[in-house]
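J.: Those protein sequence lines, which keep their order, are chains W and R.
Under the working numbering, the first residue of the first sequence is numbered 67, with each subsequent residue one higher.
Under the working numbering, the first residue of the second sequence is numbered 429, with each subsequent residue one higher.
Any given hint might turn out to be false.
[As the list claims (entries may be wrong)] Computed, partial: chain W to chain R, Cβ under 10 Å:
| hint | residue |
| --- | --- |
| 1 | D151 |
| 2 | L199 |
| 3 | V201 |
[Stated by the list, open to error] Covered stretches of chain W, as calculated for chain R (at least 3 residues, CB under 8 Å):
| hint | stretch |
| --- | --- |
| 4 | 75 to 88 |
| 5 | 261 to 269 |
| 6 | 272 to 284 |
For the record, the hints were derived by calculation from the structure and aren't laboratory data.
Given the structure is predicted, the values throughout are model-derived calculations rather than measurements.
Glycine included, C-beta positions come from ideal geometry on N, C-alpha and C.
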Amino acid sequence: MSAFGQVRLVAGREMSTRVRDKGFIVSSVVIVLLVVGLMVFQLVSGSQTQTSTIGVVGGSPQVEQALVRSGESVGVEVEVTELADEAAARQAVEDGAADAALLGATGDGPQVVVQDSSDDGASAIAESAVGALSVAQQLGEQGVDLQPAPAIDFVVLDPRADGDDTAVVVALLGVVVLYGLLILFGQFVAQGVVEEKSSRVVEILLSTMRPWQLLTGKIVGLGLLGLAQLITIAVIGVVGALALDVVSVPSAVIPTVVSVVAWFVLGYTFYAAVFAVAASLVSRQEDLGSVLTPTTLLLVVGFIVSIQAAQDPGSTLATVTSFVPGLSPLVMPVRMAAGEAAGWEIATAVLVDLAAIAVVVRIGGRVYSGALLRTSGKTKLREALAAERG
Amino acid sequence: MLEFDGLVKTYGDNRVLDGVGFTVTPGQMFGFCGSNGAGKTTTMRIAMGLARADAGQVRWQGTPLTEVTRRRIGYMPEERGLYPKMKVAEQLVYFARLHGLAAAEATRAAEHWTERLGLADERDQRVEKLSLGNQQRVQLAAALVSRPDVLILDEPFSGLDPVGVDSLADALLEQCRRGVPVVFSSHQLDLVERLCDAVGILARGRIVASGTVSELRAAEAGRQLRVVVPDAPTGWAGAVPGVRVVSEQRGDTVLELAPGTDDQAVLAVALGTGRVAHFAWREPTLVELFREAVSDRAVAA
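Chain R on its own, in the form it takes in the complex (with noise of 0.2 Å):
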């Protein structure tokens, strides 16, 4: 179990982190959002031990993390970092082995990352010669060349073409099934509503919303319905008890219902203007859920 636990980190009079905290457990895909400058970055930086928190720690197996067990860390930072005139197989096996691993397994490693994704050919290139996609690339082996028993990566799917995001996926879901706890940080919503299990996301130093993707839309506050009916008047439903409309056009309603409201009478209005095309519960996308989470948060601020 990969615990942060209250993290506090203040830059002058910037308070970045206030109080962060949550969990990953073993196997679990964690997906970290939040806005541009929001700390994400910080945070991966504290649990690395590149930056040091005012407060709170990061503990892996119910430990903090030392110098020692963080070398059990595959990291990918978010300014990428190789040496540029070291060639491809020698880097990966240099990290292997500063992660503790024998001159012969890191060795053995770094033919079996390069294999894997698709960089056999450029094993003895400097890494300056190489494209950026493969420069990427590299840098995720460079992660992933010691066996890891965490991952943690910053961005690791920026830059990358639509194959390397499914080769990168696939990566890191076999990670998970190995029962690694991984955490990335990402902008692209709709991949981390694809593959993680739990999401967290970050606004204004602290946790606004964490959980998995369902248990977040189960909290979101209000349900939504969407109702179809191609021939109701405009206006239809502002009679019905409990019902607020969100949004309507030509027939296509959003209604926000208050808890306690029966959506059986809803339908009943509904049919009572004549056909209905559409009535469903809407699930509120990872966008959406970002959005209001964020937005929740700014208000209440």
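So here's chain W without its partners, still in its complex pose (with noise of 0.2 Å):
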């Protein structure tokens, strides 16, 4: 069988036995369930529209028309309740069942009642709904028949502004997922590293396999898994925000989208490399944590960047970051969908982490081979790097 049969064999293993794996299968629904919850949210607090309730006494449905029309033009909804005198309006608005009386709309001395002067919007509503019955009246007495005013067609001078926005807004929860992942699926590839290891299952393993077959094996498998789970959630959150018109602009959500998936490719190769690497110089699971650490700290801080990139994306931080290699595939996201990164920029951040995966790779693989089959306790560095199969 060839190089690769090995390697498709592990990866084909990784795959199937974590697909059946618990924690797997919660972190996957509970992801899923956060992107559906999110853009519900979005929904529901993006549709709720201001109300206002308006009493009013000796009304008539030119009244009413006049309130909820002026409501509408202030992007109020307006509801009209008919009170029987100027005693029942105080009281409703004392109450709080009405947010303000009309009394004498069409009248000579038409007053409003509110509860106190801060509360204008209801009676500013009131206002110009009194105005625009007395010019209609006034209009009407002249003989003049009111046409409605034009449609008015927006010209934009700059339609990418508001497009922009969505994007970052996009790349910021597309690299909150794809940090979640990171830091899930790089655990999954070093507790497998361990398990390995302290089952001593590996002396099997590498009596019919190379070292470096075993490492590609588990990057490859649990990358696909990744991959699958980062494009189940990009799909469903793109698929379900324009259906639910929670983002009205599809060109600025796709692109980003695939960036982002994109650099979820590059970013889990790097931790996923350094994180088998680190898992294999220890011997249980228990002494994992320690030697994680540094390289979690490192995903922490990509993070942390890529939230004030969001903010401020043509700053110096943002800018050095995008290329250092470990934080590039979580601030290059947000930079990219800001419109900030050039062409030449994106292609350096690109091969820059290529190189460096190059390197993590080769060195992590003769730690790996050197650890490997170091059973007894946490091996150090330098022994690995000497050992090599010793």
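Now that you have both chains on their own, put them together as the hints suggest.
T.: As structure tokens, this is what we get:
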């Protein structure tokens, strides 16, 4: 069987055992629920318009219509309730049953009752309604028939500006998911390495393949699973957001989502290799934390910088870190979404990341081979490099 | 033919192997004995590519073992190794496939060996849920499931009950009949003596004795004669030329005869003392051969 045959077998085992793992299933469901929940929340909070109740004494359909119209013009939904007299109107406002009460709308001395002068929303609506009624009435008396104003066609000079904002938000959400998946799958890789070491099954495995085949199979298998999960989330997110009208500019969303997915591939490969190599130094799950901490910290730093970059994508910090391997997968998607990253910058960041991955895999592969068969206690990095299947 | 040739391995200042060499022919069961720390496990790990020899090589059919030819070897490491959370059958299929079997073939082989080793009801159990004895059986199945051309087993009998020992012994003998060379290490010398066609005794990094058990017996320096003469006085044999008394207890005497000494002369003297209840060459057990081989070198070194 070819060298890739072994890699494929290892990758296949990683995927089939992980897919049935409770931890994986639970985390997948939680992430999907979070994405769906986020959209539903957006939808509900976005569609929630302000409402205002205005009581009317001696009103007419015209008065009611005028109130609703003038509410619409300021984005407030107006509900009109008919009230008997001034006393009832005062009572309603006092009880909070109405935000304002309008008396004698079409008469000579219209009056607006409000609880206190700070509540000028409802009173303003009432005021403009009275004004409109009065104008309509006077024009009607002069015999002028009113035509509705023509619909306005808006010309936006910078159509990207709105899209950019959406794209940055989408990129930031993407980075949150990416960060979570990097941590999750990095952990999976590390746990898998230690499991094989602590159960000594690694001896049987390495009698049939080389360490690099085991390492590659593990990273590829879990990586494909992570990628599948990310793409599922992305598809649910994009389709849901567009279908539910949470986002109105698809051209701003799709390229950003694609770039997040692409950066996941680079980021995952880097972190998975580092996590696997670090994990190969210990023989017990309990010792895993101490060797993973430095790498996890790097991830956290990348995450924090990317949030900062979303607020100020042109900052020096964001620019510099978007080239640093390990940080770039989290920062660059945000800068790209903000339209701050030039083509050559993206290309450079990708190349730097690929170079870093090559170095990690090369040196890491040696450490991994050297440390894998030392099943007692913790192996020092230098020992592992020197040993290499000693 | 599986040849171990001049293996040398040093860890720091400690020379663990110092030119270990022996040959196992197809269908031969080779017992690998030695004290703790003698280097048995290191020798096997070198064969499996898990440790690198400083010098020497292991050859199968004339060519040094490689990554690919090692896949045709069934191996059982001293520190047992299985995925604790994987189901028995799945695990065996995986190992069979890593050793180069196609999917369908691997599934059949896993079914066959679980049946054969009495694990048919445990196929869908996770390994961590099994008793230690059953885990040991799974380990053995993992070594056999790929229909290997060679078997290298490190202490396969340790931790097995007598029934388990018998079923393992049967399985190994069957492999030998298939023409598979089998190498296994063991501390249970009676078992080695019973099962093995050939034995190698390892001490201080070298093979100090190897060959069939009878060859080892024949090579044993000095020849011992056990004579039981109940009525003889103490020291009855002391006067016979070329005879050294090894032990004597109420007429039960063990004598060592120098080369060229006539055993019939000893018999004549024994008959002279009265009744002779027992007169026979004494076959040293493997345990005695082992002690002898190990201590000889200790003196020489």
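J.: Would you mind marking each hint as holding or not holding in the structure?
T.: Structure-based check of all given hints:
1. D151: 79 Å, violated
2. L199: 77 Å, violated
3. V201: 79 Å, violated
4. 75 to 88: holds (count 3)
5. 261 to 269: Coverage by chain R holds here, the residue count being 7 at a Cβ distance below 8 Å.
6. 272 to 284: Since 5 is at least three, the answer is holds.
Checked against the numbered hints listed earlier, the structure breaks hints 1, 2 and 3; every other hint is satisfied.
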